[in-house]
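Student: Sequence:
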Amino acid sequence: MIRAEKISLSFKKQTIFNQMSFMMQPHEKVGLVGANGAGKSTLLKVLAGIQPLDKGRIVTSNGLKAAYLPQEVVLTSERSIFDEAFTAFGQLSEWHEEEIALEKKGEAGTPRYAELHSLLADHEYGVKRSEASQVLMGLGFEVKQFTQPVAELSVGWQMRVVLAKLLLQDADMYFFDEPTNHLDLPSKEWFCDYLERSAKGYLLISHDRYFLDNACEKIFEVERGALTQYEGNYSSYCDQKEHREAAQEAARIAQQKEISRMKETIAKFKSKASKAKMAQSMMKQLARIEIIESVVRRKRVSVPLPVPERAGSVVLKVDGLAKSFGDKHLFSDVTFEIERGKKVALVAPNGKGKTTLLNCLMGKVAADAGEVTFGHNVSVAVFEQEQVHVLKPNATVLEEVYGAASPEMREKVRMMLGCFLFSGDDVHKKTKVLSGGERNRVAMAKVLCKNANVLLLDEPTNHLDLASKEVLYKALQNYQGTIIFVSHDRDFIDHVSDTTLSLDNEKVSLFPGSYEEFCYQYPDRHSRIDDENSAGTGDGQKQGTLHKQASRELSKVERSIEKLEKEKERLEEVMGDHEYGSDAYMNALDRYEVIVSDLEGLQKKWDELSE
Numbered sequence: 001m002i003r004a005e006k007i008s009l010s011f012k013k014q015t016i017f018n019q020m021s022f023m024m025q026p027h028e029k030v031g032l033v034g035a036n037g038a039g040k041s042t043l044l045k046v047l048a049g050i051q052p053l054d055k056g057r058i059v060t061s062n063g064l065k066a067a068y069l070p071q072e073v074v075l076t077s078e079r080s081i082f083d084e085a086f087t088a089f090g091q092l093s094e095w096h097e098e099e100i101a102l103e104k105k106g107e108a109g110t111p112r113y114a115e116l117h118s119l120l121a122d123h124e125y126g127v128k129r130s131e132a133s134q135v136l137m138g139l140g141f142e143v144k145q146f147t148q149p150v151a152e153l154s155v156g157w158q159m160r161v162v163l164a165k166l167l168l169q170d171a172d173m174y175f176f177d178e179p180t181n182h183l184d185l186p187s188k189e190w191f192c193d194y195l196e197r198s199a200k201g202y203l204l205i206s207h208d209r210y211f212l213d214n215a216c217e218k219i220f221e222v223e224r225g226a227l228t229q230y231e232g233n234y235s236s237y238c239d240q241k242e243h244r245e246a247a248q249e250a251a252r253i254a255q256q257k258e259i260s261r262m263k264e265t266i267a268k269f270k271s272k273a274s275k276a277k278m279a280q281s282m283m284k285q286l287a288r289i290e291i292i293e294s295v296v297r298r299k300r301v302s303v304p305l306p307v308p309e310r311a312g313s314v315v316l317k318v319d320g321l322a323k324s325f326g327d328k329h330l331f332s333d334v335t336f337e338i339e340r341g342k343k344v345a346l347v348a349p350n351g352k353g354k355t356t357l358l359n360c361l362m363g364k365v366a367a368d369a370g371e372v373t374f375g376h377n378v379s380v381a382v383f384e385q386e387q388v389h390v391l392k393p394n395a396t397v398l399e400e401v402y403g404a405a406s407p408e409m410r411e412k413v414r415m416m417l418g419c420f421l422f423s424g425d426d427v428h429k430k431t432k433v434l435s436g437g438e439r440n441r442v443a444m445a446k447v448l449c450k451n452a453n454v455l456l457l458d459e460p461t462n463h464l465d466l467a468s469k470e471v472l473y474k475a476l477q478n479y480q481g482t483i484i485f486v487s488h489d490r491d492f493i494d495h496v497s498d499t500t501l502s503l504d505n506e507k508v509s510l511f512p513g514s515y516e517e518f519c520y521q522y523p524d525r526h527s528r529i530d531d532e533n534s535a536g537t538g539d540g541q542k543q544g545t546l547h548k549q550a551s552r553e554l555s556k557v558e559r560s561i562e563k564l565e566k567e568k569e570r571l572e573e574v575m576g577d578h579e580y581g582s583d584a585y586m587n588a589l590d591r592y593e594v595i596v597s598d599l600e601g602l603q604k605k606w607d608e609l610s611e
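First residue of the sequence shown? That's 1 in this note's numbering, and the numbers climb one at a time after it.
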């Protein structure tokens with residue numbers, strides 16, 4: 001058990017925590033949410049014993065073992081990937097290293113060597129080695145990489161080693177600060193399943209809604225120095241918060257009416273001798289009333305996208321594309337067509353060539369073989385992964401977006417920036433002072449203001465918080481052109497895609513359905529570890545796992561049906577508001593026909609899963 005007792009903390013004049021209290025049991029799986037700057041990361045540092053408090057204290061159960069993962073760690077190690085991960089087992093790793101050293105010295109026959117061999121066997125060295133391999137493979141490392149030195153890895157891959165070490169520590173409670181930042185889609189899904197199966201508790205910060213929905217059973221919200229607890233996952237939290245805020249606002253209005261009535265009564269009777277005592281008593285009651293604060297709600301914004309010019313029926317044709325870098329062969333004979341209006345998620349594990357393939361489509365990287373042909377009347381807008389190389393450092397936010405906007409969009413630039421959370425003087429900031437998330441929002445506003453009919457997007461959700469992601473995916477849902485995008489955000493993919501382009505084993509396959517449907521149709525695609533082949537999984541546990549997976553898939557299908565039904569209704573309104581045969585009508589009709597077909601498939605899947 002871990003308990004916070006009236007903890008308070010301020011940085012200069014900013015109050016972070018104001019007599020905050022809460023309790024968490026070691027088995028609880030909790031997501032920690034709140035606006036940027038609310039103190040989420042600071043709270044994890046407090047619980048990990050890194051950040052001292054101004055007042056209050058943290059109380060933990062005797063012997064509680066906690067492990068903390070910060071957002072970034074500098075990992076300096078001369079070991080290999082596997083050996084560094086194995087150091088999580090402490091003395092077991094030291095014994096193994098000593099055994100290896102004796103072998104190198106030719107002292108394999110000494111008593112100490114025999115003692116070490118016995119110790120390793122008694123402490124299940126082979127089992128622990130298998131466990132380390134499973135975790136490393138789950139996090140995206142191939143077996144052939146295990147001997148690679150940690151020092152040769154990028155920061156992102158080093159963070160995966162750090163995460164592997166943390167998971168192998170077998171702590172009672174974990175504190176994770178954005179643990180999925182450096183994971184690709186298959187690794188995120190493995191990590192999510194790992195946490196779901198684990199009996200360990202954790203407090204987790206993430207901007208990945210899919211993760212918060214599937215890995216968390218409770219939500220802690222930090223807001224204005226206080227912590228509020230919600231039972232259920234992130235989606236449940238959103239519903240509960242909306243109802244709570246509605247109830248609070250209703251109570252505030254009722255209280256204000258009562259205060260006004262009391263003030264009128266006091267004013268009416270305070271000068272009358274016979275009623276003065278009653279008026280005085282009412283004044284005291286009025287002074288004791290604790291005023292209910294007005295709810296500060298985030299504005300629900302709708303990005304004002306015009307209907308782009310209609311392209312030909314096939315917007316992109318790729319024929320026989322191949323690419324290698326030296327000895328590293330990424331893909332060959334890649335052939336596919338993208339039809340107008342499709343929203344295509346390009347998926348594959350890290351290092352398999354997703355971004356390279358997208359760059360070939362963008363024309364940034366020359367393919368070794370093959371052709372990329374865009375269709376009739378196609379105009380393309382590109383969102384690149386690293387905005388620091390794209391935005392002019394001395395240009396203001398407004399200048400960047402206005403300069404990229406098409407003539408018909410220029411008058412809507414300020415409105416577009418407002419939708420992407422730039423208001424007032426924010427639009428006059430120079431791009432060089434913006435955070436990563438702010439730069440991404442500027443770049444996406446630029447892309448949408450170009451009014452192109454084909455969008456190529458490389459990791460558009462990088463550095464974005466949950467609110468910004470929601471704005472973006474709603475804009476792209478309403479966009480009536482074609483989208484081809486790479487993302488490692490499962491929730492974003494599920495909300496936006498209706499087609500999946502899978503890059504696997506150097507080949508590409510085009511699946512006519514969302515990524516959610518793709519995963520259901522091909523459950524083993526992109527997965528590195530089959531749960532049924534994992535050590536120690538009995539038949540009963542297998543059956544339970546399969547039942548849980550089916551239940552989870554059923555919930556996803558229901559959410560997809562609900563989303564498509566809403567979009568179907570919106571498109572019916574669009575077709576009713578526009579003349580038959582107009583670009584707006586025909587674009588809406590194209591999308592409408594796709595949705596009707598998708599709904600039929602989802603309904604069949606719902607029937608199968610229900611059975």
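To be clear, the hints were calculated from the coordinates, so they are not data collected in a lab.
Be aware that a few hints might be false.
Stated by the list, open to error - List time: in silico EDC-like cross-link candidates among lysine to aspartate or glutamate, alpha-carbon distance up to 16 Å:
#, residue 1, residue 2
1, 317, 333
2, 144, 83
3, 40, 465
4, 328, 504
5, 352, 142
6, 218, 196
7, 65, 172
8, 364, 384
9, 55, 107
10, 507, 333
11, 566, 593
12, 450, 504
13, 328, 142
14, 29, 193
15, 13, 78
16, 450, 399
17, 566, 608
18, 45, 193
19, 450, 600
20, 563, 600
21, 364, 386
22, 218, 384
23, 317, 293
24, 200, 170
25, 29, 217
26, 474, 562
27, 29, 172
28, 352, 386
29, 12, 28
30, 241, 231
What the hints assert, rightly or not - What follows is a list of derived Cβ distance ranges for each label pair:
#, residue 1, residue 2, range
31, 581, 251, 49 to 57 Å
32, 566, 314, 35 to 43 Å
33, 94, 566, 32 to 40 Å
34, 232, 57, 52 to 60 Å
35, 277, 226, 34 to 42 Å
None of these values were measured; they are calculated from a predicted model.
Every residue, glycine too, gets a C-beta built ideally from N, C-alpha and C.
Student: If a hint holds in the structure, say so; if it does not, say that too.
Tutor: So, going through the hints one by one against the coordinates:
Of the pairs offered as hints, the one joining residue 317 and residue 333 holds, with about 13 Å between alpha carbons and a cut-off of 16 Å not exceeded. Taken as a hint, the residue 144 and residue 83 pair is honoured in the structure, with Cα atoms around 14 Å apart against an allowance of 16 Å. With a C-alpha separation of about 13 Å, the suggested pairing of residue 40 with residue 465 holds against the 16 Å cut-off. With a C-alpha separation of about 15 Å, the suggested pairing of residue 328 with residue 504 holds against the 16 Å cut-off.
Of the pairs offered as hints, the one joining residue 352 and residue 142 holds, with about 12 Å between alpha carbons and a cut-off of 16 Å not exceeded. Pair hint residue 218 plus residue 196 holds up; C-alpha atoms about 13 Å apart against a cutoff of 16 Å. For the suggested pair residue 65 and residue 172, the alpha carbons sit about 5 Å apart, so the restraint of at most 16 Å is met. A C-alpha spacing of about 10 Å is found between residue 364 and residue 384, which places the hinted pair at or below 16 Å, so the restraint holds.
For the given pair, residue 55 sits about 57 Å from residue 107 by alpha-carbon distance, which is inconsistent with the 16 Å threshold. A threshold of 16 Å between alpha carbons decides the hint, and for residue 507 with residue 333 the separation of about 7 Å falls inside it, so the pair holds. Using a Cα cut-off of 16 Å, the hinted pair residue 566 and residue 593 holds, with the two alpha carbons roughly 14 Å apart. Proposed proximity of residue 450 and residue 504 is contradicted: the alpha carbons are some 33 Å apart, above 16 Å.
A distance of roughly 15 Å separates the Cα atoms of residue 328 and residue 142; the hinted pair therefore holds under the 16 Å criterion. A distance of roughly 13 Å separates the Cα atoms of residue 29 and residue 193; the hinted pair therefore holds under the 16 Å criterion. For a cut-off of 16 Å, the pair hint linking residue 13 to residue 78 is broken: about 44 Å separates their Cα positions. Only pairs whose Cα atoms come within 16 Å are accepted, and residue 450 paired with residue 399 is accepted, the gap being roughly 14 Å.
Proximity of residue 566 to residue 608 is assessed by CA-CA distance (about 23 Å); at most 16 Å being required, the pair is judged violated. Only pairs whose Cα atoms come within 16 Å are accepted, and residue 45 paired with residue 193 is rejected, the gap being roughly 26 Å. As the CA atoms of residue 450 and residue 600 are separated by approximately 35 Å, the hinted pair breaks the 16 Å bound. At roughly 14 Å between alpha-carbon atoms, residue 563 and residue 600 fall within 16 Å of each other, so this suggested pair holds.
A C-alpha spacing of about 13 Å is found between residue 364 and residue 386, which places the hinted pair at or below 16 Å, so the restraint holds. With a C-alpha separation of about 35 Å, the suggested pair residue 218 and residue 384 falls outside the 16 Å cut-off, and the hint is violated. At roughly 57 Å between alpha-carbon atoms, residue 317 and residue 293 are farther apart than 16 Å, so this suggested pair is violated. The straight-line distance between the Cα atoms of residue 200 and residue 170 is roughly 8 Å, inside the 16 Å bound, and the hint therefore holds.
With a C-alpha separation of about 6 Å, the suggested pairing of residue 29 with residue 217 holds against the 16 Å cut-off. Restraint check for residue 474 and residue 562: the C-alpha separation of about 15 Å stays at or below 16 Å, so the hint holds. Straight-line distance between C-alpha atoms of residue 29 and residue 172 comes to about 12 Å, which keeps the hinted pair within the 16 Å bound. Restraint check for residue 352 and residue 386: the C-alpha separation of about 19 Å exceeds 16 Å, so the hint is violated.
For the hint pairing residue 12 with residue 28, the CA-to-CA distance comes to about 33 Å; that exceeds 16 Å, so the pair is violated. Restraint check: the Cα-Cα separation between residue 241 and residue 231 comes to about 11 Å, which is no more than 16 Å; the hinted pair holds. At about 53 Å, the beta-carbon gap between residue 581 and residue 251 stays in the expected band of 49 to 57 Å. One distance hint, 35 to 43 Å for the beta-carbon pair residue 566 and residue 314, is violated here, with the actual separation near 29 Å.
With their beta carbons about 58 Å apart, residue 94 and residue 566 fall outside the hinted range of 32 to 40 Å. Separated by about 29 Å at the C-beta atoms, residue 232 and residue 57 break the suggested range of 52 to 60 Å. A hinted range of 34 to 42 Å holds for the C-beta pair residue 277 and residue 226, which are about 39 Å apart.
Checked against the numbered hints given earlier, the structure breaks hints 9, 12, 15, 17, 18, 19, 22, 23, 28, 29, 32, 33 and 34 and satisfies all the rest.
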